[in-house]
Structure formats: C-alpha cells, structure tokens
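J.: The primary structure of each chain is shown beneath.
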Amino acid sequence: MAYNEKVLDHYENPRNVGSLDKQDAQVGTGMVGAPACGDVMKLQIRVNENGVIDDAKFKTFGCGSAIAASSLVTEWVKGKTIDEALAIKNQEIADELALPPVKIHCSVLAEDAIKSAVADYRSKQKGA
Amino acid sequence: MNKPIYMDYQATTPVDPRVMEAMLPWFVEKFGNPASRSHAYGWEADEAISLARKQVASIIKADPREIVFTSGATESDNLAIWGVAQFYRDKGNHIITPTTEHKAVLDTCRHLEAEGFEVTYLPVQTNGLVDLKSLEDAITPQTTLVSIMAVNNEMGVIQPLEAIGRLCRQKKVFFHCDAAQGVGKIPIDVNAMNIDLLSISGHKLYGPKGIGALYVRRQPRVRLKAIMHGGGHERGMRSGTLPTPLLVGLGEACRISEEEMAQENTRLLALRERLRHGIMSQLTHVSLNGDPEARVAGNLNISFGYVEGESLMMAIKEVAVSSGSACTSASLEPSYVLRAMGVNEEMAHTSIRFGIGRFTTEAEVDHVIRIVVNAVNKLRDMSPLWEMIQEGIDPQTLQWAAH
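Those protein sequence lines, which keep their order, are chains A and B. Okay, so the first sequence: first residue is 1 according to my numbering, each after it adds one. Okay, so the second sequence: first residue is 1 according to my numbering, each after it adds one.
For the record, the hints were derived by calculation from the structure and aren't laboratory data. Mixed in with the good hints, there may be bad ones.
What the hints assert, rightly or not - Below, in silico cross-link-like pairs of lysine-lysine (DSSO-like), each with a Cα-Cα straight-line distance of 27 Å or less:
#1 A/Lys-57 - B/Lys-378
#2 A/Lys-22 - B/Lys-171
#3 B/Lys-209 - B/Lys-30
#4 A/Lys-6 - B/Lys-3
#5 B/Lys-3 - B/Lys-225
#6 A/Lys-80 - A/Lys-126
#7 B/Lys-378 - A/Lys-78
#8 B/Lys-317 - B/Lys-209
#9 A/Lys-89 - A/Lys-124
#10 A/Lys-6 - A/Lys-124
#11 A/Lys-78 - A/Lys-89
#12 A/Lys-6 - B/Lys-30
#13 A/Lys-80 - A/Lys-6
#14 B/Lys-317 - A/Lys-57
#15 A/Lys-80 - A/Lys-124
#16 B/Lys-378 - A/Lys-6
#17 A/Lys-126 - A/Lys-78
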C-alpha cells in the first residue's frame, strides 16, 4: 500500500511523542485500543487554569496511519478548550490524512483517545 | 529512488540470469509448437521439453513421465486436490489438510466442501508442525486424500514428509504435497517419501512466473479428473499448448537448484544465522516464529514485541519484507498461519518475515541488521506498550476493549 504524504510526514516526523506526568491533576490520560487488534493509543493532555489544553503528548503502538492520526491530534488539541477538543470528529482526521476506508478505524481511535483523555482529566478534577 | 534490499524470497525470486539465457532462443528463433509432429520446428521444441521434463523430474527423484506441466503451483494444487477428490468420489468424500496451508489448498478444499465433500482442517503444533498422531486419528475409511505442504511459506518450517508419506501409504490414502516453497530448498524424493502428487512453482526457484508442474505418481497409479479440457496434452491431465520458453526456464532452474542446493544451503544458513544473531543480540522481547530446527535456511520469521508490524515495515522501507500484521492485508486479521500455531494475536501483529536467497549478500544482511535495530528502538520509544514494560507492567495482564 502506498501512503499519503501527510501520513508519511507525521509518521517520519511525529509531533509530540512522549509522556506527561500522569499523577499531575492537570493532566488527563487516555488509553484506547487493544494490543490484539494491532493498535493502542495513549494520548495525554495538560489543561491550564483557563481550561485550555497547553500541552499534549502521545505514544502509539500501531500502523503508520494510527501513529499519524495520534500525532495529528496532539497538534490539533493544543490551544483548544476541552469542549473544542471534544468537537474534533474522526471524519476530519480521516479527511486531513486522506485515510483509505480500511484505515478509518485509526481516526476513530484518535477521536476516542481525546474523549478518554478528557474523561480522565474531568474525573481527576471532580475528585480534587 | 534506490530500490530496497530484497528480502522477500518467499514471495518470489528473480529469474537466474542463466535461466533467462537458456530461455531466450525459444521465443523468436525456435518458436515451434512441441505438439507439431510433422516438421523440424515441432521436433526441436519437443526435444527441449523432454529435457525440461527430465530436469524437473530429477530434482524430486521422479520419472519424467510423471510430470504434468501447469501454469504454477496454484493450478497444480487445484488440479491435484479437486482432480483426485472428484475422480475417487465413489471411494470416499473426505480430505484432510492442516490449517496452515497456502490459500491455493485451503480455498480448493472450501470449494470441494460446497460440492459436498468433507474436509478436516488439522490443527498444527505451536512449532508449526503437523502432529502425526492427530493426522492418523483424522483418517477415516472415507478419506481419499491428505494434502500437506513441504515448507510453510510464512514460517519456513519443514513438515515431516517421510513420516506423513509412510502413514498415508499404510492407510491407503493419497498424499499430495504442495512443495512450492520446498523444491530446490530441501532434498525431496517422492519415492522415499511416498508422495503421490506434488506441486512445483517456477518463480519460487529462480525460474519464470506463470509456469509450474504437478508430479502425478504412476506406480501405484494416481488418477485425476482434468480441469482444462482440449487437445489432451500432458496425458489428458492438462490440455493447452506447452509454453516452450517457460518450460526450458523451469527445467534449467531445477537443474541449477539441484546442483547447487547443498552449498547454497550452507551459505544461506550462515547468512540467516548472522541476521538472527545480529537482531536478537541487540534487541530484547524478540521471538522466532516456527520450529527453530525444522526450517529452511532462507526464512527468518520473527516477532518484535510491542512494535506493530506495518509501522515497522514503514520504518525499514529500505528493506523489502512482508509481515503477518493485519494492517498489510485488507482483512484486518493478523496472519492465519501464525494464529493457527497459537502465536497470540498481539505477537502476530508484530511479525516480520525476512526471506533471503541466492542473491543476498553479507553486506546486505549487515545493513538490514542496523536498520532493523534502529527502527525497533525508535518505535519502542513511541510505544505505550513498551512504556508499560519499562514500568514493570505486562500489557497482557490488563483488560483491553476490543474495537
């Protein structure tokens, strides 16, 4: 399969690879997917006092498209409020990366990762 | 763009220049139809085909009269399995084949099921090999055919052909062997191994694509129902004008492989062990798929834990390999062969098959080791599963939601 240029770019120069401190109350961690399915995404967001995501990091086990989708999402969520981040739809990710039908699940996973990270952040805030 | 280093010799092989040399005169200058009995054009083509038939027979220790030329191993598998099943339908309707066979065998069996036959898909052991006891148990009075490959295309494991053949002969069932990956790689003797039918592919042993052969035993005689009807070529088993250039190529390819097999295997084994050691000494959580001993020299199938196969192939794009990862196929299912061996799904997603062959050099192997080690380290730095391992958490102990 030949890859789209944007996928290749994100794959070869992934943005924001790494980890944030998952104990930090300002950090939300989302982990979605399953090893048996061939993809696992970990997305972390840090939310500042104004409710804006000021940092995001990812680690992904998966195909090139899964890595590209996670990398793209870290770029997109930065500078957004939580609600704005939640509004990102998998279709936008798929369109941006020109994912073929067989790779759409990678964009779905990336959207789920955002939701999961936000949910984790919110539950921490409630608990605090 | 520089072409990647070719390490996919199980997918196909380049035509050996000596093979191409032998084929060339048979396109323009010596173009006769070997079936033309009335003039010199036909006679010279017929002679060339007789030689090719001898060369093909020789590599499997058969009689030239037992060779039926086909378009390739897929056709040979179809002809052997469907042809025998249909011909002996009155004797029984049961066929046995392992779950790790090539699709040319499995799909033909599925097709026969739709035509009312019964097929037992035999599980294999975790090393990829057929268990003789379970094969014996699966044979019933209704069984007419057992089809088991010589060498697996994904893992390179070699089935115990001699023992399987002995069992089949004793139970009076025919033994078909898909030897597309075995001929020219391991010594095959259809008589010592009691093989009744055997499929050969040209392009897996440095011959041209589009040509193959089926060995059909004469004593005791094996009969089959033809698929191609027409001029009655190949003793009525496969009609169609014989493609002289391709046959000359297949014959020459067999001659070279037979003559050079022993020394070539020594060379390949050294290269493969160099590759295996180079990778495994520098990376942890790497495992070999398939039996470590009973395997061909040119195959190294390994799983790189916590690194998905397709992304690894992207990272090592200077090397042409294939993966058992789902993402390389349209189905999103990881390799059915690895799964059938009990390799867990996660590890199946991380497998890469390195296939080395006649034109692989030591310098290429060393280069590939460097590329692979760098790529795996880079991808593990990016892998949340690897991070867990570093933190002392085994991802397999966690609950994951399927998606």
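J.: With reference to the structure, classify each hint as holding or not holding.
T.: Hint check:
| no. | hint | in the structure |
| --- | --- | --- |
| 1 | A/Lys-57 - B/Lys-378 | holds (16 Å) |
| 2 | A/Lys-22 - B/Lys-171 | violated (64 Å) |
| 3 | B/Lys-209 - B/Lys-30 | holds (20 Å) |
| 4 | A/Lys-6 - B/Lys-3 | holds (22 Å) |
| 5 | B/Lys-3 - B/Lys-225 | violated (45 Å) |
| 6 | A/Lys-80 - A/Lys-126 | holds (21 Å) |
| 7 | B/Lys-378 - A/Lys-78 | holds (24 Å) |
| 8 | B/Lys-317 - B/Lys-209 | holds (25 Å) |
| 9 | A/Lys-89 - A/Lys-124 | holds (24 Å) |
| 10 | A/Lys-6 - A/Lys-124 | violated (35 Å) |
| 11 | A/Lys-78 - A/Lys-89 | holds (16 Å) |
| 12 | A/Lys-6 - B/Lys-30 | violated (53 Å) |
| 13 | A/Lys-80 - A/Lys-6 | holds (22 Å) |
| 14 | B/Lys-317 - A/Lys-57 | holds (26 Å) |
| 15 | A/Lys-80 - A/Lys-124 | holds (19 Å) |
| 16 | B/Lys-378 - A/Lys-6 | holds (20 Å) |
| 17 | A/Lys-126 - A/Lys-78 | holds (23 Å) |
Checked against the numbered hints above, the structure violates hints 2, 5, 10 and 12; every other hint is satisfied.
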